[in-house]
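Student: Take the sequence shown: its position 97, counted from the start at 1, is 97 in UniProt numbering, and no numbers get skipped.
The set of hints was computed from the structure by calculation and includes no laboratory data. A couple of the hints might just be wrong.
[Stated by the list, open to error] Cross-link-like lysine-lysine pairs, in silico, DSS-like; alpha carbons within 25 Å at most:
| # | residue 1 | residue 2 |
| --- | --- | --- |
| 1 | Lys56 | Lys146 |
| 2 | Lys87 | Lys55 |
| 3 | Lys25 | Lys55 |
| 4 | Lys56 | Lys25 |
| 5 | Lys87 | Lys56 |
| 6 | Lys25 | Lys87 |
| 7 | Lys146 | Lys55 |
[Said to hold, decoys possible] Estimated spans, in silico, between C-beta atoms of each pair:
| # | residue 1 | residue 2 | range |
| --- | --- | --- | --- |
| 8 | Gly113 | Glu78 | 27 to 33 Å |
| 9 | Asp116 | Ala139 | 17 to 23 Å |
| 10 | Glu114 | Ala91 | 29 to 35 Å |
| 11 | Pro117 | Asn90 | 32 to 38 Å |
| 12 | Ala79 | Leu47 | 17 to 23 Å |
| 13 | Ile80 | Leu24 | 16 to 22 Å |
| 14 | Leu142 | Tyr121 | 14 to 20 Å |
Bear in mind the structure is a predicted one, so any value in this text is a computation, not a measurement. No residue lacks a Cβ here, since even glycine has one placed at the ideal position from N, Cα and C.
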Amino acid sequence: MFKQIKQLFSSFSEQPSMMQEHDLKTAIAALLIEVMRADSEQQADELQTLALTLKKYFNLSDEDVAQLTEQAGESLDEAIDYFQFSKQINAQCSAEQRIEIIELLWRLAYADGELDPQEEYVIRRVASLLYVTHEDFIAAKLAATKLS
1 MFKQIKQLFS
11 SFSEQPSMMQ
21 EHDLKTAIAA
31 LLIEVMRADS
41 EQQADELQTL
51 ALTLKKYFNL
61 SDEDVAQLTE
71 QAGESLDEAI
81 DYFQFSKQIN
91 AQCSAEQRIE
101 IIELLWRLAY
111 ADGELDPQEE
121 YVIRRVASLL
131 YVTHEDFIAA
141 KLAATKLS
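Please take these sequences and the hints and turn them into a complete structure.
Tutor: What follows is the structure, encoded as C-alpha cells:
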C-alpha cells in the first residue's frame with residue numbers, strides 16, 4: 001500500500017516537468033485540436049483547416065504538420081487541463097499574438113459551417129487563460145466569421 005501511495009506522489013512530482021516539455025507549436029496545436037474535438041464530430045473541413053492553419057502559422061511541411069498534430073493530440077490526451085498549454089503561450093506570446101491565437105480557434109470552430117456551444121465554451125476558457133479581454137475575444141470572433 002505504501003508503494004502505491006509513493007507512486008501516486010511521485011507521479012504528481014513528475015507532472016510539472018511534463019508541463020514544461022510543451023513547446024509553443026505543440027501548445028497551440030493542442031488547443032486547436034481541443035476545439036476540433038469539442039463537438040464530438042471531426043469534420044473533414046475542420047481537419048483541413050487545422051492542417052492549413054498549422055502549415056501557414058508555423059511554416060511547416062505536410063509531414064511536420066502530421067507529426068505535430070499527432071504529438072499535440074497525445075499531449076492533449078494526457079492533459080488534465082489547459083493550463084500547461086496556456087502557460088507556454090503566455091510565456092512566449094505578446095497580447096496581440098494571443099488574440100490572434102483566439103482568432104485561429106474561432107476559425108477552426110467555424111470551419112464546418114456551424115458553431116457548437118461546446119466549441120465556444122472551449123474558446124472562452126482558453127481566452128480566459130490567455131488573458132484575452134472580452135472585447136478582444138468578441139473582436140477575434142467577428143474577424144473569424146468575416147473570413148469564414
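Student: Holds or violated: Lys146 and Lys55, Cα atoms, limit 25 Å.
Tutor: 21 Å, holds
Student: Take the C-alpha atoms of Lys87 and Lys55, compute the straight-line distance between them, and say whether it is at most 25 Å.
Tutor: 23 Å, holds
Student: Sort out whether Lys25 lies within 25 Å of Lys56, counting only the CA atoms.
Tutor: This hinted pair holds, its Cα atoms lying about 12 Å apart.
Student: Taking only the CA atoms, is the gap from Lys25 to Lys87 under or equal to 25 Å?
Tutor: 13 Å, holds
Student: Does Lys56 pair with Lys146 here, judged by a C-alpha cut-off of 25 Å?
Tutor: 19 Å, holds
Student: Is 14 to 20 Å a correct range for the gap between the Cβ atoms of Leu142 and Tyr121?
Tutor: 18 Å, holds
Student: Indicate whether the distance between the beta carbons of Ala79 and Leu47 respects the range 17 to 23 Å.
Tutor: 21 Å, holds
Student: Taking the beta carbons of Gly113 and Glu78, is their distance inside 27 to 33 Å?
Tutor: 31 Å, holds
Student: Assess, step by step, whether the Cα of Lys25 is no farther than 25 Å from the Cα of Lys55, and give holds or violated.
Tutor: 11 Å, holds
Student: Are Ile80 and Leu24 spaced within 16 to 22 Å by their CB atoms?
Tutor: Once the Cβ atoms are compared, 20 Å apart, the range 16 to 22 Å for Leu24 and Ile80 holds.
Student: Cβ-Cβ distance between Pro117 and Asn90: within 32 to 38 Å?
Tutor: Roughly 26 Å apart at Cβ, these two residues miss the hinted range, so it is violated.
Student: Using the Cβ atoms, figure out if Glu114 sits within 29 to 35 Å of Ala91.
Tutor: 34 Å, holds
Hint compliance for this structure: hint 11 alone is broken.
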